[in-house]
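Residue numbers (this note's numbering), protein chains in the order written: chain A, 486 to 936; chain V, 53 to 311.
For the record, the hints were derived by calculation from the structure and aren't laboratory data.
Every value quoted in this text rests on a predicted model; they were computed, and no experiment measured them.
Cβ atoms here follow ideal geometry from the backbone N, Cα and C, with glycine treated the same way.
Check the hints yourself; a few may be wrong.
Said to hold, decoys possible - Pairwise CB distance ranges (calculated):
#: 1; chain 1: V; residue 1: Val63; chain 2: A; residue 2: Asp843; range: 17 to 25 Å
#: 2; chain 1: V; residue 1: Glu202; chain 2: A; residue 2: Arg593; range: 46 to 54 Å
#: 3; chain 1: V; residue 1: Glu202; chain 2: A; residue 2: Gly869; range: 50 to 58 Å
#: 4; chain 1: V; residue 1: Glu202; chain 2: A; residue 2: Arg911; range: 23 to 31 Å
#: 5; chain 1: V; residue 1: Arg111; chain 2: A; residue 2: Pro547; range: 53 to 61 Å
#: 6; chain 1: V; residue 1: Glu289; chain 2: A; residue 2: Val906; range: 24 to 32 Å
#: 7; chain 1: A; residue 1: Thr919; chain 2: V; residue 2: Glu202; range: 25 to 33 Å
#: 8; chain 1: A; residue 1: Asp843; chain 2: V; residue 2: Gly197; range: 26 to 34 Å
Said to hold, decoys possible - Among chain V residues calculated to face chain A with C-beta under 7 Å, some are:
#: 9; residue: Ala100
#: 10; residue: Arg102
#: 11; residue: Asp118
#: 12; residue: Ala121
#: 13; residue: Pro124
#: 14; residue: Ala129
#: 15; residue: Val140
#: 16; residue: Gly144
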Amino acid sequence: MSAPVALTAGHTLDEVARLGVPTMCGEPTWLTAVRRDATQWVADHGFPTRKHEDWRYLDLEPLLGLPLSPAGWDGPLPASGLAGLAIPDLGGHRLVMVNGRFAPELSRLGSLPAGTRVLPLGSAITDDSFVARRYWPAPGHKYLHAFEALNAALAVDGCVVELGDGVSVAVPIEIAHISTTAEDAVVSSPRIVVFAGEGSSATVVETYIGTGEGVYVTNAHTGVVLGRGARLEHYRLQGESDRSFHLSTLDVRPGAESHFSSRLVAVGSRVARHEVHVRLEQEGATVDLDGLYLPSGEQCHDNPVRIEHVAPLCTSHQLYKGIVDAAAHGIFNGHVIVHPGAVGTDAEQTNKNLLLSDLAEVDTRPRLEIFADEVSCTHGAAVGQLDTDAMFYLRSRGIPEWAARSLLISGFARQVLERFVEGPIRERAEQLVTTHLQAVEGESGSSGGAR
Amino acid sequence: MLVIEDLHAAVGDKTILRGVNLTVPAGEVHAVMGPNGSGKSTLAHVLAGRDPYQVTSGRVFYRGADLLALNPEERAAAGVFLAFQHPVEIPGVTNMYFLRAALNALHRARGFEEVGPSEFLTLVQEKMRAVGMDRALMSRSVNEGFSGGEKKRNEILQMAVLEPTLAILDETDSGLDIDALRVVADGVNALRRADRAALVITHHQRLLDCLVPDRVHVLVGGRVVRSGGPGLAAEVEAAGYADFSSETGEISEPVGATK
Chain A
486 MSAPVALTAG HTLDEVARLG VPTMCGEPTW LTAVRRDATQ WVADHGFPTR
536 KHEDWRYLDL EPLLGLPLSP AGWDGPLPAS GLAGLAIPDL GGHRLVMVNG
586 RFAPELSRLG SLPAGTRVLP LGSAITDDSF VARRYWPAPG HKYLHAFEAL
636 NAALAVDGCV VELGDGVSVA VPIEIAHIST TAEDAVVSSP RIVVFAGEGS
686 SATVVETYIG TGEGVYVTNA HTGVVLGRGA RLEHYRLQGE SDRSFHLSTL
736 DVRPGAESHF SSRLVAVGSR VARHEVHVRL EQEGATVDLD GLYLPSGEQC
786 HDNPVRIEHV APLCTSHQLY KGIVDAAAHG IFNGHVIVHP GAVGTDAEQT
836 NKNLLLSDLA EVDTRPRLEI FADEVSCTHG AAVGQLDTDA MFYLRSRGIP
886 EWAARSLLIS GFARQVLERF VEGPIRERAE QLVTTHLQAV EGESGSSGGA
936 R
Chain V
53 MLVIEDLHAA VGDKTILRGV NLTVPAGEVH AVMGPNGSGK STLAHVLAGR
103 DPYQVTSGRV FYRGADLLAL NPEERAAAGV FLAFQHPVEI PGVTNMYFLR
153 AALNALHRAR GFEEVGPSEF LTLVQEKMRA VGMDRALMSR SVNEGFSGGE
203 KKRNEILQMA VLEPTLAILD ETDSGLDIDA LRVVADGVNA LRRADRAALV
253 ITHHQRLLDC LVPDRVHVLV GGRVVRSGGP GLAAEVEAAG YADFSSETGE
303 ISEPVGATK
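If we strip away everything but chain A, and leave its shape as in the complex, we get (with noise of 0.2 Å):
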């Protein structure tokens, strides 16, 4: 459809941030303005290090290091083995994008109500111009790190959810991810925007698939702002190939009375980073983040959650709960943030995590600070091995021991899982989940057939 300026194969990431402007043939002014912005942003911000604080865990060399090339700018879709794939059904709208584009041969948009849109990025851009603008952030942005500039500057394609007033959207909207990537490092970078009218409702899934051996970077932002009273849920189902690097970026603003979930199920990928970031700036707001990280062999799983409260009479409940395997890390980072004048607020921020090695390792900081009266704010964080006492209670009822793990895991999961909705989306959540498990357990030696 395009072709590509500037960006050629083979560059770093560094690099690519230094490049200058790439834009697509035929794109807007205002595209180009925003990307050589988000472009000139990273030239003078740089990468974050460990220096940061919400990156102070993370290891980005690897990452920074690889040769990549931008994914999506040319060449059409690898067709080949398209049609073997797999992709399990909500049985709600579908939209497929294969290596950050979409496939319209893959999706599926049913008819939606009135005043609703469901559209790939790219088709906005084309369709409308003048409306894409509100996709993007103007020039002269803040963003939060390198990565978010990056999805700015190099987004070609992705999704755009437009809810009007009242809407409600029954069936889920799910934005399936593919990467079928077999050599190249190519680095995507899927931009979803939700904007949610007042009182509308609905269910968007972020689904992620790695089917390739190859290693590639998904550099995902998803924006979401809700209007008064409106309530989404988003979920984000995490299973990218071993070798891959995944990084997303949750940016939320809900409006007053509004309700926002988030619910996180990450099992793929070397290295992974899930972050959430909300800003509470409308009275009355209530968000609850859940998040279930299963990093094993040498994975790597980051979960910064940033939530501000500015707005008096919010809600803020997190469960983030981390299941550790092998020589595998995992992080949570959690800050709440009580602006003064925030009064009335409700903060609950919770972290668990699950060692089920020696060499696993879990870094976990729930932080608070507050300055306001009159808050609710409470935080925990706790990492622990297999309880002895209830292996030896499962044990002492005949359940045999790699049974009795198995039971203990799942039960330490099922927490964060059962606030998923009931039915296809939380199948799809429990099955990502057990099949991970069965493949690790199954590896350390604990097998013992089926149940």
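Given chain A, put chain V in place with the hints provided.
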């Protein structure tokens, strides 16, 4: 059924059992009484195969075979059941799921067919009625948020469903009111059969009023200092344990953990 010969056991370098001899024939219910720290709970845990307890010498035969050679799940499969003094909470695992997993694990180990969900439901509902278990507790996580009495009732329910050949009750009566005691006693009585046995460990006589044992053993200082008929329980209750320690010529020094 159960023959314990000169059993010595320790936790770390602390010796708790100092030569226990005890025989429970099939068809009988025996009580073990003793003061705090006499090694009662240690005896129960050693029989069930709990890890930190090391058997330093002695032998235990269960139906003629070496019980100590088996791991906990193998003992369960062989028909041994321990009702815990402090039942463990298992977050995220429902009581119903757990109980069915346990029953089917035993069935598999014994080469029986697994019990299907509806068949299991019928079975468990009947047992729940028998022990007065609240239905709502079955869909909750195992023992999580249960009251002390509910936890003990849950132990008896498990015992009723799993139908052990040798039931060991570790101070299951502690902290229970008279109605709950009756549930425990009924649970044990319901299991009485010529080919089964029970070992009821208790601090007080109260339980033994509802559950008349065939024999009573008094454990002091990690040793059985006296055995007798059901009347011995009343004697202990009246006189306390002080008299018994003198019979061994030793001062009974409290040992072991009293959780």
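query = Among all the numbered hints in the text so far, which are the ones the structure does not match?
reply = Hints 3, 6, 11, 12 are the ones this structure does not satisfy, whereas the remaining hints hold.
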